[in-house]
Amino acid sequence: MRRETQNILLVLLGGALLKLALTGTYLRYVKESLQPWLVVTGATMVVLALVSIVRDIRGGQGDPNGVEHSAIEHAGHEHGTSRSPWMLLLPVLAVFLISPPALGADTVNRSDRNAAQEANASNGFAALPSDEVVPLSIGEFVTRTAWDDSGSLNDRTVKLTGFVVRKDGDVFVARLTISCCAADASPVKAKMVGQNFDALPTDQWIEATGRVVPGSATKETAFVPTFTVSQVVPIVTPEDTYEG
Amino acid sequence: MLCVLLVLALVLQDWLVGVLDVPVLRTASTVFVAVCVQALPFLVLGVLISGAIAAFIPASALRRALPKRTALAVPVAGVAGVALPGCECASVPVSRRLMQQGVAPAVALTFLLAAPAVNPIVLVATAVAFPNAPMMVPARFVGALLTAIVMGWLWTRFGKAEWIAERALRRLPDHDGTSRWVVFAETARHDLVDAGGFLVLGGVFAAAFNVLVPQAWLETLGGQIVLAVVVLSLLAVVLALCSEADAFVAASMSALPLLPRLVFLVVGPAVDVKLIALQAGAFGKKFAARFAPATFVVAIASALAAGAVFL
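Chains as they are written, first to last, in our numbering: chain A, 1 to 244; chain B, 1 to 311.
Treat the hints with care, since some could be wrong.
Claimed, not checked - Quick partial rundown of chain B residues pointing at chain A, CB under 8 Å, derived from the structure:
id: 1; residue: Met1
id: 2; residue: Gln13
id: 3; residue: Val24
id: 4; residue: Val31
id: 5; residue: Glu186
id: 6; residue: Leu201
id: 7; residue: Ser252
In case anyone wonders, no lab produced these hints; they're calculated from the structure.
The C-beta atom is built at its ideal place from N, Cα and C for all residues, glycine as well.
Working from the sequences, and respecting the hints, build out all of it.
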């Protein structure tokens, strides 16, 4: 591959990273904490490419493999044999043209696992606020139903935020948790009962208010609690769709 | 060529978006972008270090810093891996650069295997993911270090220089007259373009396996420990998770005993599809075809040994 093409690809890829980081789209793929690194990475790529372009224009003048840097270039690889850099075009096209959405119901249904961890239970459970309706993450909701023996959720009205998932005739409110990037996403979900949810399309984001069915998250149900919903409100998709 | 491709892609954009509007493909494309976005900062860190080594550290200084006998230098390189806080993508360009600067291949390869698994960030992540099993941290550290050192010694004994592509070993010319900063920028840029393509290739495989491997496998393994070890080690290879995240994934497989999960954590950073693609790019296909399977076996054995001691 020609040097000029490589440099243009680098500018495009660096630009793609900058676009993701600066528009907030990166939250579909990685955690919030990676944002500054993405900015630095994108900028570094663009700078490395620009330095090389400027040197070509100054030194080469139509001879891109001018004497000045040919020694370094030739030390690295054989010219014309490497086609692998073309692969760099794939993420560029994916980001600018397709802009894949955040993971949703399809990923949840790829696993029967409910990712809330037993480990969290060992630290004990803080008392819930005494408000009439307690907003909870689905992860915490699942953990408390499954492992909090004091029954802190029984007879409490809670509000869960997530998207609609359907499987085998059941309807769930679900979220995905990521620890690094979307490749390691694991689902947390609660089965919704008490209403007809047919009007809600799959992947629709909702706020569901209701009460847990005590003791419904057991090994037999793969730790998926049952949630008796009294009210469900469709909402717009939040910017950061992942939990925890 | 590039222009033609770009125009073609723009023209076909609607068609592309339409084709990808199938749940499986949508999930796969998201995972693909996620793997690339997650890994690129580490790769850039790696190529910057690689460029700095090429430009600012004379080969003679490296040789003086390491013990003369390769057999002794191997464990030193393994422990030196603690100093590169990053995932596996960063260590490939760095170890290739070390080889070009005259460090023995066995020593550079030990560093390649050790760095992603024994650095403090990964160990802290492991401790956070397994609060109820604190012995996972030393078990992982020892398992990974053992893998790296054994592979280094195996290479010293059996490795052949001709397996490594000639381009990876060619010494850099002394930069007579060229400014050090130019060497730095050119080396980093070149390594980035080279390794980046292979990283993307690895990302494609990781995304494909992510949607193709049925997660239900895991849930049926339960008590069959031998089967669980085999399946989890294969899973570590095909999922290509970054070494800072894999502990959380392993922790979520709470239906399985600790030992197979330890194997998952030791194998993953040493050999996975993304890493195999990067190694094939940096050191040649002949190298990757031998090194990756050997590492796979050694990593499983090391993890089992570490598990026997600590778990």
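Evaluation of the provided hints:
| no. | hint | verdict |
| --- | --- | --- |
| 1 | Met1 | holds (7 Å) |
| 2 | Gln13 | holds (5 Å) |
| 3 | Val24 | holds (7 Å) |
| 4 | Val31 | holds (5 Å) |
| 5 | Glu186 | holds (5 Å) |
| 6 | Leu201 | holds (5 Å) |
| 7 | Ser252 | holds (5 Å) |
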